[in-house]
Amino acid sequence: SKHTGETITQSTATHQEKYGHPTLLFWWWRLQQVLACALPPEVIHLGYRSIGFEQDENGVTAYFDGDKSVRADLLIGADGINSLVRKTLIGDGEPRYLGSMSWRGVSEYNHELLNPNELIFMKGEQKVIYFFDVGGGYRCWTLRALMPKSPVHESAAEIKSRIVDQFSGWWEPLRGSMEATDPEQIVFSPICDRLPLKSWSQGRVTLLGDAAHPMAPSLALGANSTFEDAYELAQCLSQSSSIAEALTTYENRRIPRTQVFQAQSALAEQRFYVTDIGTQDPAKVARERVAVEEFHSWVYVYDPNSESRLKPWREISAT
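Under full-length UniProt numbering, think of the first position of the sequence shown as 1, with each following residue one higher.
Treat the hints with care, as some may be off.
Stated by the list, open to error - List of simulated lysine-lysine pairs, BS3-like, C-alpha gap at most 30 Å:
{"hint": "1", "residue 1": "284", "residue 2": "18"}
{"hint": "2", "residue 1": "68", "residue 2": "87"}
{"hint": "3", "residue 1": "127", "residue 2": "284"}
{"hint": "4", "residue 1": "87", "residue 2": "123"}
{"hint": "5", "residue 1": "123", "residue 2": "18"}
{"hint": "6", "residue 1": "198", "residue 2": "149"}
{"hint": "7", "residue 1": "87", "residue 2": "284"}
{"hint": "8", "residue 1": "311", "residue 2": "198"}
{"hint": "9", "residue 1": "87", "residue 2": "18"}
{"hint": "10", "residue 1": "123", "residue 2": "149"}
Claimed, not checked - For each label pair, taking beta carbons as the anchor points, the in silico distance ranges come out as:
{"hint": "11", "residue 1": "36", "residue 2": "297", "range": "31 to 37 Å"}
{"hint": "12", "residue 1": "183", "residue 2": "36", "range": "24 to 30 Å"}
{"hint": "13", "residue 1": "284", "residue 2": "56", "range": "54 to 60 Å"}
{"hint": "14", "residue 1": "239", "residue 2": "297", "range": "26 to 32 Å"}
{"hint": "15", "residue 1": "306", "residue 2": "172", "range": "24 to 30 Å"}
{"hint": "16", "residue 1": "286", "residue 2": "263", "range": "38 to 44 Å"}
{"hint": "17", "residue 1": "56", "residue 2": "118", "range": "31 to 37 Å"}
Hints listed in this document are in silico derivations from the structure and should not be mistaken for laboratory results. Note that the Cβ used here is the ideal one computed from N, Cα and C, for glycine as well.
Kindly generate the complete structure, drawing on both the sequences and the hints.
Here it is in structure tokens:
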């Protein structure tokens, strides 16, 4: 809706009704704990900072700070957008800045105007805000704004004070959640991605998640696509006769899909800051809505046990 309260567009269908499963909003830290609890404690090793690796025909050795090393059959670089493994394999430089900065925080907060399991999206002049329930009485807010890339010169308290001042006249629950956030827990970072790769692997080393296909957060596909990567890689390793065969199949299954994710996420990041949607040609808005729905269907109707998941987006769109 507009700031006047006038409705621009609406949809009554739920994610469950459209795609067969609900939308889940969670605190990333809590998800990490859930995943960690599913593993034997002896397989998680903290305090290992990667500094490089070497491989030969028999295996790969990963090196860490403190003169530590690990020998293995396969190295999976799941070390994020600034991946050291990717830097060594590909050497494609720094991430690409997409023109906006992000501030995000989580606070224990409630208000009579807030509903459980609710996600609220707001946009203003060159800025957008997500505000949503992450469970356990906590709310997450994410602010993104178009601006030149800038390093952090302010203290945590100064960053929080500036954000709260900027939104002094905004919706009370949003402002209250920001005020309740520990300044040391506010994360300030540039929105970046990287250009898609034609290959993620060399020998016994491959990439996964943001290390392979970092994308703008506009479509919330980063974690989703990483889970898909992990499932497909596990399947390929369990069903292939060699690591080389497994990694080739993994790339064939994942690269075409994630290339679309990266391109569409970058496009959506720019569209976030369009503020004249209420004055656009209704026919154009309707066509764009159909295209978005078509893309969402291709993304979310993902069955890991069906060969249909491997069909390209345009092929599915035409059927």
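Going down the list of hints, with the structure as the test:
Only pairs whose Cα atoms come within 30 Å are accepted, and residue 284 paired with residue 18 is accepted, the gap being roughly 23 Å. As the CA atoms of residue 68 and residue 87 are separated by approximately 20 Å, the hinted pair is consistent with the 30 Å bound. A distance of roughly 23 Å separates the Cα atoms of residue 127 and residue 284; the hinted pair therefore holds under the 30 Å criterion. Proposed proximity of residue 87 and residue 123 is contradicted: the alpha carbons are some 36 Å apart, above 30 Å.
A threshold of 30 Å between alpha carbons decides the hint, and for residue 123 with residue 18 the separation of about 26 Å falls inside it, so the pair holds. Between residue 198 and residue 149 the CA atoms are separated by roughly 28 Å; this keeps the pair inside 30 Å, and the hint holds. Restraint check for residue 87 and residue 284: the C-alpha separation of about 42 Å exceeds 30 Å, so the hint is violated. As the CA atoms of residue 311 and residue 198 are separated by approximately 18 Å, the hinted pair is consistent with the 30 Å bound.
For the suggested pair residue 87 and residue 18, the alpha carbons sit about 40 Å apart, so the restraint of at most 30 Å is broken. Pair hint residue 123 plus residue 149 holds up; C-alpha atoms about 20 Å apart against a cutoff of 30 Å. Checking the proposed 31 to 37 Å range against residue 36 and residue 297 shows it holds: the Cβ atoms sit about 33 Å from each other. A hinted range of 24 to 30 Å for the beta carbons of residue 183 and residue 36 is consistent with their spacing of about 27 Å.
The hinted window of 54 to 60 Å between residue 284 and residue 56 holds, with their beta carbons roughly 57 Å apart. Judged by the Cβ atoms, the range 26 to 32 Å given for residue 239 and residue 297 holds: they are separated by roughly 28 Å. Under the hint 24 to 30 Å, the C-beta atoms of residue 306 and residue 172, about 46 Å apart, miss the expected range. Under the hint 38 to 44 Å, the C-beta atoms of residue 286 and residue 263, about 23 Å apart, miss the expected range.
At about 54 Å, the CB distance of residue 56 to residue 118 disagrees with the hint of 31 to 37 Å.
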